[in-house]
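Single-letter residue listing:
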Amino acid sequence: KAGVTQTPRYLIKTRGQQVTLSCSPISGHRSVSWYQQTPGQGLQFLFEYFSETQRNKGNFPGRFSGRQFSNSRSEMNVSTLELGDSALYLCASRTGQEYNEQFFGPGTRLTVL
Amino acid sequence: AQKVTQAQTEISVVEKEDVTLDCVYETRDTTYYLFWYKQPPSGELVFLIRRNSFDEQNEISGRYSWNFQKSTSSFNFTITASQVVDSAVYFCALSEETGANNLFFGTGTRLTVIP
Chain A
344 KAGVTQTPRY
354 LIKTRGQQVT
364 LSCSPISGHR
374 SVSWYQQTPG
384 QGLQFLFEYF
394 SETQRNKGNF
404 PGRFSGRQFS
414 NSRSEMNVST
424 LELGDSALYL
434 CASRTGQEYN
444 EQFFGPGTRL
454 TVL
Chain B
12 AQKVTQAQTE
22 ISVVEKEDVT
32 LDCVYETRDT
42 TYYLFWYKQP
52 PSGELVFLIR
62 RNSFDEQNEI
72 SGRYSWNFQK
82 STSSFNFTIT
92 ASQVVDSAVY
102 FCALSEETGA
112 NNLFFGTGTR
122 LTVIP
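Protein sequences appear in the order of chains A and B. Going by the working numbering, the first sequence opens with residue 344, and the numbers climb by one from there. Going by the working numbering, the second sequence opens with residue 12, and the numbers climb by one from there.
Don't read these hints as lab results, they were simulated from the structure. Misleading hints may appear alongside valid ones.
Each computed SDA-like pair below joins lysine to any residue, with the alpha-carbon atoms no more than 20 Å apart [what the hints assert, rightly or not]:
#	chain 1	residue 1	chain 2	residue 2
1	B	Lys-49	A	Gln-387
2	B	Lys-14	A	Gln-380
3	B	Lys-49	A	Arg-452
4	B	Lys-49	B	Asn-69
Given the sequences, and given the hints that come with them, work out the whole structure.
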C-alpha cells in the first residue's frame with residue numbers, strides 16, 4: 344500500500360498570508376490527524392477528522408482549520424500567518440478504530456517570513 | 012492531566028553499543044496506550060510499537076526491546092548492538108481512553124550512533 348502523502352513538501356509564505364496543506368491517507372484509512380512540530384513546542388496535536396467530521400481538536404487558535412473529503416483526503420488551512428506558525432506539519436492516518444497506530448506522512452515544512 | 016517525559020535530550024553511543032531510551036508518563040486514565048516512534052532526518056515519523064495499559068509483557072523485535080512497568084509509569088526502549096542507521100530522534104507518546112485518541116508526545120531523544 345502507498346503511504347501517507349503530503350503536498351507540498353516545502354512552502355514559504357509571508358506574514359498575513361494564508362496557506363492550505365494537503366494530506367492523502369493510506370487507502371482504507373478513514374481517520375486523518377494533523378500535528379504541528381516546532382523546536383520550541385515539540386509535537387502538538389491540531390485536530391482529527393473521521394468520516395468528514397472533526398472528531399477532536401487540540402489547543403490551537405481558530406486560524407487553524409481543516410476539512411476532510413469523502414475520499415478521506417484532508418486539508419488544513421492556516422489563515423493570517425504569523426512567524427510562529429513556521430513548523431513541520433505532519434499528517435497521520437489510521438483506520439479509525441480506537442487506539443490503532445497512526446501512520447505519518449513526510450510532512451510539509453512551512454516557513455513564514 | 013497527561014504528560015510524557017523523555018529526560019534524555021541527546022545520547023551518543025559508539026556503534027555496537029547497547030542504548031536505552033527512557034520514557035516516563037503521567038495519566039489519570041486506567042486504559043491508555045503507549046507508543047514509540049522514530050523520526051529519521053527525512054522527518055517522517057515511523058511507528059515502532061504500541062502497548063496497552065493492561066499488557067505489561069516486555070516485547071522484543073530484532074534488536075529492539077521495550078520494557079513497560081506500570082509501577083514506575085515507565086516505558087523504556089532499548090536498542091541492542093546499535094547501528095549508524097539507528098541515528099534519529101525517538102519519541103514516546105501516550106494516547107488516553109478519554110481525549111479521543113490523539114497522541115501526546117514527549118520531547119524526543121536524539122540518538123547519534125558513531126561509527
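Evaluation of the provided hints:
no.: 1; hint: Lys-49(B) with Gln-387(A); result: holds, 16 Å
no.: 2; hint: Lys-14(B) with Gln-380(A); result: holds, 17 Å
no.: 3; hint: Lys-49(B) with Arg-452(A); result: holds, 18 Å
no.: 4; hint: Lys-49(B) with Asn-69(B); result: holds, 19 Å
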